[in-house]
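Make the full structure from the sequences, and use the hints.
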Amino acid sequence: DAGVIQSPRHEVTEMGQEVTLRCKPISGHDYLFWYRQTMMRGLELLIYFNNNVPIDDSGMPEDRFSAKMPNASFSTLKIQPSEPRDSAVYFCASSPGLLSYEQYFGPGTRLTVT
Amino acid sequence: GEDVEQSLFLSVREGDSSVINCTYTDSSSTYLYWYKQEPGAGLQLLTYIFSNMDMKQDQRLTVLLNKKDKHLSLRIADTQTGDSAIYFCAERRMGSSNTGKLIFGQGTTLQVKP
Numbered sequence: 001d002a003g004v005i006q007s008p009r010h011e012v013t014e015m016g017q018e019v020t021l022r023c024k025p026i027s028g029h030d031y032l033f034w035y036r037q038t039m040m041r042g043l044e045l046l047i048y049f050n051n052n053v054p055i056d057d058s059g060m061p062e063d064r065f066s067a068k069m070p071n072a073s074f075s076t077l078k079i080q081p082s083e084p085r086d087s088a089v090y091f092c093a094s095s096p097g098l099l100s101y102e103q104y105f106g107p108g109t110r111l112t113v114t
Numbered sequence: 001g002e003d004v005e006q007s008l009f010l011s012v013r014e015g016d017s018s019v020i021n022c023t024y025t026d027s028s029s030t031y032l033y034w035y036k037q038e039p040g041a042g043l044q045l046l047t048y049i050f051s052n053m054d055m056k057q058d059q060r061l062t063v064l065l066n067k068k069d070k071h072l073s074l075r076i077a078d079t080q081t082g083d084s085a086i087y088f089c090a091e092r093r094m095g096s097s098n099t100g101k102l103i104f105g106q107g108t109t110l111q112v113k114p
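Protein chains in written order, with my numbering: chain A, 1 to 114; chain B, 1 to 114.
Accuracy of the hints is not assured; some may be wrong.
Unchecked claim - Listed below are the simulated DSS-like cross-link pairs for lysine-lysine, each with C-alpha atoms no more than 30 angstroms apart in a straight line:
id: 1; chain 1: B; residue 1: Lys36; chain 2: A; residue 2: Lys78
id: 2; chain 1: B; residue 1: Lys68; chain 2: B; residue 2: Lys56
id: 3; chain 1: A; residue 1: Lys24; chain 2: B; residue 2: Lys36
id: 4; chain 1: B; residue 1: Lys36; chain 2: A; residue 2: Lys68
id: 5; chain 1: B; residue 1: Lys56; chain 2: B; residue 2: Lys70
id: 6; chain 1: B; residue 1: Lys56; chain 2: B; residue 2: Lys36
id: 7; chain 1: B; residue 1: Lys36; chain 2: B; residue 2: Lys67
Just so you know, the hints here were simulated from the structure itself, not pulled from any lab data.
From a predicted model like this one, the values you see are computed outputs, not experimental measurements.
Now the structure itself:
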């Protein structure tokens, strides 16, 4: 299994631009999570989906952030417009659910907004 | 409170044992997890323990759970320089609104000196 795939691995953009981060979960996993990691705030859960339906988006910072999961094998996290304070590493994770709900993380996208 | 607490830093000598500690808050937590994050990488699931267990061993890793004190520890025997990383503990809480969601601690940076 290829694991969770994220693209791009690195993104540098200017303030005000739209940024789209992509994630392909592990096949057969019913849950998908988006996290953000910074030195100041640590690891934050932004949103998660179960069977492509958003379950909890209380961690999404503000309306500039949106996430979609159009099918079981693809999700996007969009920031529009981007700001320098959005600079962080964004992780996608997936989970089979079932009993233990362990999560498997992708390698992350390092976003720098200048 | 909601927080999962960990000490921020631990330094050991190569060959010694490392013990990383974590306290959690919800007595109804069902599963507890340990993740490892190496520089520039995503979180890697190391092991997890069900809350009706006291101990779980997997090669050099030993997880101890004290439910009374809500205390979880990860012991790494014969610590190697390759074990240098950030270690996160996480809990899965019961509750209809939290199915699938994990609560992460802030991470413990393990430094292994040769």
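Checked hints:
no.	hint	in the structure
1	B:Lys36 to A:Lys78	27 angstroms, holds
2	B:Lys68 to B:Lys56	17 angstroms, holds
3	A:Lys24 to B:Lys36	21 angstroms, holds
4	B:Lys36 to A:Lys68	28 angstroms, holds
5	B:Lys56 to B:Lys70	16 angstroms, holds
6	B:Lys56 to B:Lys36	17 angstroms, holds
7	B:Lys36 to B:Lys67	23 angstroms, holds
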